[in-house]
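Engineer: Each chain, letter by letter, is given below.
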Amino acid sequence: MSDVLLTIEKLSVMYGDFIAVEEASLTVDEGQIVSLIGLNGAGKTTLMSAVMGLHKPASGKVVFNGKDITSAHTDRIVAQGLSLIPQGGRCFNRMSVQDNLLMGSFPKTARKGAKETLAHIYELFPVLKEKMRDPAGSLSGGQRQMVAIGRALMARPKCLIFDEISLGLSPAVIKDIYHRIRTINELDKTAVILIEQDTRRALRMSDSFYVMLKGRTVLSGKSDEVDAETLKDAYFGI
Amino acid sequence: MLKRKFTPSHVKVLDSPPMLILCIVLAVGLYIGCFAGLISNKAMRYLVQIFLYITMGEMWNLLSGYAGMTSLGQQLYIGLAGYSVAMATSPLFGLPLFGALLLGAGISVVVSLFMSLILFRLEGMYFSIATLVAAEAFCMLFFAWKFVGQGAGMTIRINPYPTLQEICILSMTICVVALALVYGLLRTRVGLGLTAMRDDITSAASVGVNIFSHKLLVYVIAAFFTALAGGIFFVNKGMIYPDSGFGISWTISMVFIAIIGGTGTVSGPIIGAIIYVFLNEKLADYPGWSNIILGTITILVILFLPNGIMGTLQKKLHFEIFSSKRFSFKLKKAAKEK
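Residue numbers (my numbering), protein chains in the order written: chain A, 1 to 238; chain B, 239 to 576.
Since the hints were made in silico from the structure, they are not lab data.
Quantities reported herein were computed from a predicted structural model and do not represent experimental measurements.
We put the CB at the ideal spot given by N, CA and C, even for glycine.
Misleading hints may appear alongside valid ones.
Claimed, not checked - Residues from chain B that face chain A, not an exhaustive set, calculated with beta carbons under 8 Å:
1) 440
2) 441
3) 446
To be verified - The calculated BS3-like cross-link candidates involving lysine-lysine, where the alpha carbons are at most 27 Å apart (straight line), are:
4) 553(B) / 131(A)
5) 115(A) / 131(A)
6) 553(B) / 129(A)
7) 131(A) / 554(B)
8) 554(B) / 129(A)
9) 67(A) / 158(A)
Pulled out of the complex, with its shape left as it was, chain A reads as follows (with noise of 0.2 Å):
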């Protein structure tokens, strides 16, 4: 058995009085793809964000890499190795390309082997490489992605979180980059969480899952078990 990477122990999250996650649980093994699918609104990408430090949870804890991370700030958290891709292929859009990439080496522990990373995400991503001049802004939705997914990787992380990360893009692109995702698991041995809203996607990609419905983990285990009938109750709240 691998070991455990990321533990998230009945972790919830208010907005104010509403809550958003209650007691959401979840675990990710070492060099484990796990997908996080459910509803718009099931708090997925607050869970997330939440476990990286940008939302302060109201009780719960994260544990990653042995280490309490519950409430770190964000900068601590990525230093340890854990990176999130925000959704929607978010850049740095008056930055050139290689600057977007090169921010991802921001902390500390990043720095040193900068230079051998950066030609790593040039290799897996040669659409970067011809445009490394060009401002991101300039690029289109799936190359931003591209470079996201460069400036998190950076950061040479044990764990990268991909916030849905097909969303606004073409099939073929789609298809692309989950490609290029199975190859950064399979490399470097990075752990990967998707979030998704496409179910068949996620479970054709992933080691195990976890269904989110109103803030709650409602359904997990591995991918090629389930049966789609308890997935689809689960899914939408039969």
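Based on the hints, put chain B in the right spot on chain A.
Structural biologist: What follows is chain B alone, placed relative to chain A:
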């Protein structure tokens, strides 16, 4: 033609030693001119204003143009500094000018630390409005405070009162220090984090920029220098009342200076301040119209030169004076190595 778009490799960065020497020569020349009395009083009066407005504009530019914190309430620190100087140098306390200025700046730093607790919970528009409200609240406080003369304000009585020459030298020093600090700060890792924050705050956080500490640092630095400049402004003016200290007109001038010159450029506010001071002088003959004219100019600039004068020039002619971009340099070096 389409291929000639903006790329860092095309940009010529004017930061070579000759450029630096030119700047130093210019500054030293002005210093000597002031000390030796070669500059007429009229010119010095202009210079004092230009230096102070450059400092304030540069600080506003750092806040809004780089850190993405559009404050409409920097006059809070100008007013606080003005009143601190007026009170501390009054016969009752009798502090010397230097002590009073530093006291004003120190009080501003303390207040800015306190304000940050409240203000940093807000973002964007809400932050802007809250800063404005904070300044207005302090304005009301000083209106009601008997010791500072309520609405009638205070006359500044420093003993001995500094001459115009001394004020000019002082404001120039602060301006030079502020410029050097802004440039230096932007060239460091902190500056990089700030630029990233301006483009996308969530992404900046997810690559490991500590948003809070970056914001706090910039906000406190801006408060400190804005207060110093404000303090000297009122020493030059000789009196202060709540509306002149905490009035919204300060924000109007800072926004004008930064936008006309070009937000997000270090050299922009310098051009902006020079234009503003001269316009202000010319428009003094048309009271009531002056703000309308300034507003019209601002709108026209936003419409036709959205990057401001310096920003547009830099884009059109592909140059940058003392670029704060670090990675472009790395690229250049890498290209040379090849």
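Engineer: Hints numbered earlier in the text: which of these fail when held up against the supplied structure?
Structural biologist: none
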